[in-house]
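Dock chain B against chain A, hints included.
So you can see what is in the structure, the chains are spelled out below.
There are 2 protein chains.
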Amino acid sequence: MKTQAKQAEQAKKPTSISNLGRHILAEFYNCNSNVLNNLELIETVMADAATECGATVVEKKFHMFSPYGVSGVVIISESHLAIHTWPEYGYAAVDLFTCGDECDPLVAYEYLKEKLSSNNAIYTELRRGMLNPQNDEVMVSPFQIKTHID
Amino acid sequence: MKTQAKQAEQAKKPTSISNLGRHILAEFYNCNSNVLNNLELIETVMADAATECGATVVEKKFHMFSPYGVSGVVIISESHLAIHTWPEYGYAAVDLFTCGDECDPLVAYEYLKEKLSSNNAIYTELRRGMLNPQNDEVMVSPFQIKTHID
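These protein sequences, in sequence, are chains A and B.
Numbered according to my numbering, the first sequence terminates at residue 150, and the numbering increases by one at each position without gaps.
Numbered according to my numbering, the second sequence terminates at residue 150, and the numbering increases by one at each position without gaps.
Derived from the structure by calculation, the hints contain no laboratory data.
Be a bit skeptical, because a hint or two may be false.
Claimed, not checked - Here chain A is said to cover these stretches of chain B; the calculated rule only asks that three of the stretch's residues, wherever they fall, bring their Cβ under 8 Å from a Cβ of chain A:
1) 44 to 54
2) 62 to 76
3) 91 to 105
What the hints assert, rightly or not - Pairs of lysine to aspartate or glutamate, EDC-like flavour, derived with a Cα cap of 20 Å:
4) 60/A - 59/B
5) 60/A - 43/B
6) 61/B - 59/A
7) 113/A - 88/A
8) 146/B - 110/B
9) 61/A - 59/B
10) 115/B - 104/B
11) 113/B - 43/B
12) 115/A - 104/A
13) 61/A - 43/B
14) 60/B - 43/A
15) 61/B - 43/A
16) 146/A - 104/A
17) 113/B - 52/B
18) 146/A - 125/A
19) 146/A - 101/A
20) 61/A - 43/A
21) 61/A - 101/A
22) 113/B - 125/B
23) 115/B - 52/B
24) 146/B - 125/A
25) 60/B - 104/A
26) 115/A - 43/A
27) 115/B - 150/B
28) 146/A - 125/B
29) 115/B - 136/B
30) 61/B - 40/B
31) 60/B - 40/B
32) 113/A - 40/A
33) 113/A - 43/A
Here the structure is a predicted model, which is why all the values come from computation and not from measurement.
We put the beta carbon where it would ideally sit given N, CA and C, even for glycine.
Just chain A, same shape as in the assembly (with noise of 0.2 Å):
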């Protein structure tokens, strides 16, 4: 079994994919706004996220808004997990940004879109860092960008 450590030392690798992170930002709408407006549940259901896509939750912490929605982040070894919520519009804007093989965004993704009961989701998906294969450094330029529509 790894160490904390050292998982998090292999998340700040860059991946075989040659970036160094993957950013998902995630638009669900039609949601429950029951569930929305749930604090000890967005908590939950975000945290469970994390775990199910094969990260490992270092902190969360999450905070209700008056009169209605629910703001929180996890942060995880692999990078971060964010979520906002408008009950009253039915819809919730997340980003799951993570590094290093080990972990999958796009789990996290389908795991929120059900729990959340989403009728309507898209994702974009965003490479971040990416590393120019001739030198290993850094290319100033703006990332690679995917648009999906469920």
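Below, chain B alone, put in the same frame as chain A:
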């Protein structure tokens, strides 16, 4: 003076530009590696970036990687700021997500560019949760996107 609850309430309301959230994805290249590897300094600079841009800090959590690199999140009443640094590449990936009209994430971007001594920086601005002016519902469509290279 406004209470935090009132600020939070305001922060969740749609802005005049008809979107729920404004998200700046900042890529800072050729930074000072000593700064990027200093946990305490990164934590201070990120919290200061939040207050500089008019946000209210709710909580912050930072983590030092082995052998190098810092990850951390500042939860603000208006959403969150996140950073992941790779001192070995002189690179930092930063997210500045704000709601409402009371703070400007671009001020935080400029502040961080200076404090990290970044010689090259790129930001991409996303509008998340676009509102349909016809019915005030969130539109199911990929967000507006704009990239700026410094």
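Taking the hints in turn, this is what the structure says about them:
1. 44 to 54: violated (count 0)
2. 62 to 76: Our answer is that it holds, as 10 residues pass the Cβ test (under 8 Å) against chain A, meeting three.
3. 91 to 105: With 5 residues in contact (Cβ-Cβ under 8 Å with chain A), the coverage given for the region 91 to 105 of chain B holds.
4. 60/A - 59/B: 11 Å, holds
5. 60/A - 43/B: Distance ~17 Å between residue 60/A and residue 43/B Cα, so the pair holds.
6. 61/B - 59/A: This hinted pair holds, its Cα atoms lying about 8 Å apart.
7. 113/A - 88/A: 18 Å, holds
8. 146/B - 110/B: 17 Å, holds
9. 61/A - 59/B: 8 Å, holds
10. 115/B - 104/B: 17 Å, holds
11. 113/B - 43/B: Status holds; Cα separation ~15 Å.
12. 115/A - 104/A: 17 Å, holds
13. 61/A - 43/B: Answer holds: residue 61/A to residue 43/B is near 16 Å, not above 20 Å.
14. 60/B - 43/A: Satisfied, since the Cα-Cα distance of roughly 17 Å is no more than 20 Å.
15. 61/B - 43/A: Judged against 20 Å, a Cα distance of about 16 Å means the pair holds.
16. 146/A - 104/A: The hint holds at about 16 Å.
17. 113/B - 52/B: 13 Å, holds
18. 146/A - 125/A: 5 Å, holds
19. 146/A - 101/A: 19 Å, holds
20. 61/A - 43/A: 8 Å, holds
21. 61/A - 101/A: 25 Å, violated
22. 113/B - 125/B: 16 Å, holds
23. 115/B - 52/B: 12 Å, holds
24. 146/B - 125/A: Satisfied, since the Cα-Cα distance of roughly 16 Å is no more than 20 Å.
25. 60/B - 104/A: 25 Å, violated
26. 115/A - 43/A: Distance ~12 Å between residue 115/A and residue 43/A Cα, so the pair holds.
27. 115/B - 150/B: Holds, at roughly 15 Å.
28. 146/A - 125/B: The hint holds at about 16 Å.
29. 115/B - 136/B: Judged against 20 Å, a Cα distance of about 40 Å means the pair is violated.
30. 61/B - 40/B: 11 Å, holds
31. 60/B - 40/B: Given pair residue 60/B, residue 40/B holds - Cα atoms ~12 Å apart, limit 20 Å.
32. 113/A - 40/A: 17 Å, holds
33. 113/A - 43/A: Status holds; Cα separation ~15 Å.
Violated hints, listed in ascending order, are 1, 21, 25, 29; each of the other numbered hints is respected by the structure.
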